[in-house]
Amino acid sequence: MSNLIERYVYDVTRRLPEKEREDVKKELRANIYDMLPDGASDEAVKKVLYELGSPASLAEKYRTHPRYLISPAYFDEYVRVLKWVLPLVGVIVMVIGFVVGAFDAAKESTANIPFVMSGIISNGVSMGVSAAFQVLIWTTIGFAIADHSGAKQPKVGEHGWKVEDLPEAQNAKASIPLSEGIAELVVSVVFSIIGILFCAGRLPFMMVFAQGDMVFYNIFSQSFLNMLIPFILVSMVLAVVQGIAKINDRRWSVFVCVSVVAKSLISMVLTIYLVNQPNILSTEFHSFLVQSEVADVFSILPHVNGTNVLVIAFCVLIIIGTVSESIKAIKNTVQAHVK
Amino acid sequence: MPEFDTMQNFLTELRRGSLTLAVLGSLRTPRYGYALLQTLQEQHIDIEANTLYPLLRRLESQELLTSDWDTSESRPRKYYTVSARGKIVLQQLLVEWGNMQRSIEAICGKGENHE
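Chains as they are written, first to last, in the working numbering: chain A, 1 to 339; chain B, 340 to 454.
Simulated from the structure, these hints should not be mistaken for laboratory data. Just so it is clear, the structure is predicted and the values come from calculations on it, not from any experiment. Heads up, the beta-carbon is just placed ideally off N, CA and C, and yes, glycines get one too. Hints may contain errors.
Claimed, not checked - Lysine to aspartate or glutamate pairs mimicking EDC-like chemistry, simulated, CA-CA at most 16 Å apart:
#1 A:47 to B:387
#2 A:61 to B:387
#3 A:25 to A:11
#4 B:417 to B:407
#5 A:83 to A:180
#6 A:83 to A:184
#7 A:61 to A:20
#8 B:417 to A:22
#9 B:417 to B:399
#10 A:26 to A:11
#11 A:61 to B:399
#12 A:26 to A:6
#13 A:26 to B:409
#14 A:46 to A:6
#15 A:61 to A:11
#16 B:426 to B:402
#17 A:26 to B:407
#18 B:426 to B:409
#19 A:46 to A:11
#20 A:46 to A:60
#21 B:417 to A:23
#22 A:25 to A:6
#23 B:417 to A:34
#24 A:47 to A:34
Said to hold, decoys possible - Only some residues are given here: those of chain B computed to face chain A with a beta carbon under 7 Å:
#25 349
#26 372
#27 388
Here chain A stands alone, though its shape is the one from the complex:
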């Protein structure tokens, strides 16, 4: 009988802070023995233990402060973000994984269909699952930080807070939902990581059917991909700063506005610089384009100062997008600050 009691007491106290453990153990053991007659049967012991409730619930009652990673105040929003970001990223990455798996498997033996299929499926599922875990981890970390930084805001003034510090309530447009910042943060980190893996040569990308045979080409030259990695890292850092700004301020503050505008302008410059690089395409893919006469169509297009008109059009589109995003951010911020 004492064995059951010892096990119960141990299971309760192992969930408590170490300095309280010995005390509670002694107390609880004494209390349980008091509730039992001398030489009580196992049945009687069980009855008393069930009366005390599960070890987890009793330990919870002994704990003075409830412990949360994410407090109930934020939990609903946390679940809401996970509900759509998790399946979205999971499915997109899984599809990417299927394609990659198809390459890897087919490269080795084009004839063996079951082998190809299993390669495709295992690659897709494993990439999808690991991306989903990434999302889960980063979202949780994001919320936990937001929650704890919110809880530990320094006290100001006589009452611990000031009426003057209350945000303006006049327009709902001024506020940014917490979910938006966290979703952006998570999506940009996950896709940046995938992008870096891709550039590091882990993911080949292009499939061409030529005369019934599958031929594989890497679209981009390795030198271009190597150059791309620091660019992706820079964009990721900018996106993370923007996400943190949104999570922290949760309204169109000057800090959020600056982070959004800086991110889009810098990304624009980087992208325009990148598309104007020579030797973007791999030699094998380039020679394939020349063979298949696609390159002819491309070279027929007019050039301005030696730059292909397609590239120029692409750059113009990016500039328009960036400018409109920046204007929108500035407009939102101005609206939020004007009464």
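Place chain B on chain A using the hints.
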């Protein structure tokens, strides 16, 4: 009539604060955990062991109770007594308790719920 669970929640909330009063009041004489539990239950205070024991510990850490291990018997027992500070707190709480009862009765009408 609200459903059973809701009613139970109201009762738990209503009792939570008054349990402290009952415990501090009963411990004007030293008692150990299980004896206190029995005393309270005899007085029809609805409290369970898994609520009382953590509560005793909390009150002790707030220095409203003092405790002593009695090791003279075959099994050691921890006896709790209300401290000087606990007595002051109890006194203040009882005054507040009386005020609150009068206010509630004034608002709801005395004994109207029996009709």
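Results of checking the hints against the structure:
The hinted pair formed by residue 47 of chain A and residue 387 of chain B meets the criterion: a straight-line CA distance of about 14 Å does not exceed 16 Å. Note on residue 61 of chain A and residue 387 of chain B: the hinted pairing holds, with a Cα-Cα distance of about 12 Å set against a maximum of 16 Å. Straight-line distance between C-alpha atoms of residue 25 of chain A and residue 11 of chain A comes to about 10 Å, which keeps the hinted pair within the 16 Å bound. Proximity of residue 417 of chain B to residue 407 of chain B is assessed by CA-CA distance (about 6 Å); at most 16 Å being required, the pair is judged to hold.
For the hint pairing residue 83 of chain A with residue 180 of chain A, the CA-to-CA distance comes to about 13 Å; that is within 16 Å, so the pair holds. For the proposed pair residue 83 of chain A and residue 184 of chain A, the alpha carbon gap of about 14 Å is at most 16 Å, so the pair holds. Simply put, residue 61 of chain A and residue 20 of chain A have alpha-carbon atoms about 13 Å apart, close enough for the 16 Å limit, and the pair holds. Of the pairs offered as hints, the one joining residue 417 of chain B and residue 22 of chain A holds, with about 14 Å between alpha carbons and a cut-off of 16 Å not exceeded.
A distance of roughly 12 Å separates the Cα atoms of residue 417 of chain B and residue 399 of chain B; the hinted pair therefore holds under the 16 Å criterion. Between residue 26 of chain A and residue 11 of chain A the CA atoms are separated by roughly 13 Å; this keeps the pair inside 16 Å, and the hint holds. Among the hinted pairs, residue 61 of chain A with residue 399 of chain B is consistent with the structure: their alpha-carbon atoms are about 15 Å apart, no more than 16 Å. For the suggested pair residue 26 of chain A and residue 6 of chain A, the alpha carbons sit about 11 Å apart, so the restraint of at most 16 Å is met.
The hinted pair formed by residue 26 of chain A and residue 409 of chain B meets the criterion: a straight-line CA distance of about 12 Å does not exceed 16 Å. Between the alpha carbons of residue 46 of chain A and residue 6 of chain A the distance comes to roughly 12 Å, so the proposed pair stays at or under 16 Å and holds. Between residue 61 of chain A and residue 11 of chain A the CA atoms are separated by roughly 14 Å; this keeps the pair inside 16 Å, and the hint holds. Taking the CA atoms of residue 426 of chain B and residue 402 of chain B, the gap is near 11 Å; set against the 16 Å cutoff, the hint holds.
In summary, the hint linking residue 26 of chain A to residue 407 of chain B is supported, as the alpha carbons are separated by about 13 Å, within the 16 Å threshold. Simply put, residue 426 of chain B and residue 409 of chain B have alpha-carbon atoms about 23 Å apart, too far for the 16 Å limit, and the pair is violated. For a cut-off of 16 Å, the pair hint linking residue 46 of chain A to residue 11 of chain A stands: about 15 Å separates their Cα positions. In summary, the hint linking residue 46 of chain A to residue 60 of chain A is not supported, as the alpha carbons are separated by about 20 Å, beyond the 16 Å threshold.
A hinted pair counts as satisfied when its Cα atoms are at most 16 Å apart, and residue 417 of chain B with residue 23 of chain A qualifies at roughly 11 Å. Annotation: proposed proximity of residue 25 of chain A to residue 6 of chain A holds, straight-line Cα distance about 9 Å (limit 16 Å). Of the supplied pair hints, the one linking residue 417 of chain B and residue 34 of chain A holds, its CA atoms being roughly 11 Å apart against a limit of 16 Å. Distance hint between residue 47 of chain A and residue 34 of chain A is fulfilled; the C-alpha atoms sit about 14 Å from each other, no more than 16 Å.
Restraint check, residue 349 of chain B versus chain A: the minimum CB separation of about 20 Å is more than 7 Å; hint violated. For residue 372 of chain B, the suggested interface contact is upheld, since its CB lies about 4 Å from the closest CB of chain A, less than 7 Å. With a least beta-carbon distance of about 6 Å to chain A, the hint placing residue 388 of chain B at the interface is held under the 7 Å criterion.
Hint check: violations occur at hints 18, 20, 25; the rest are consistent with the structure.
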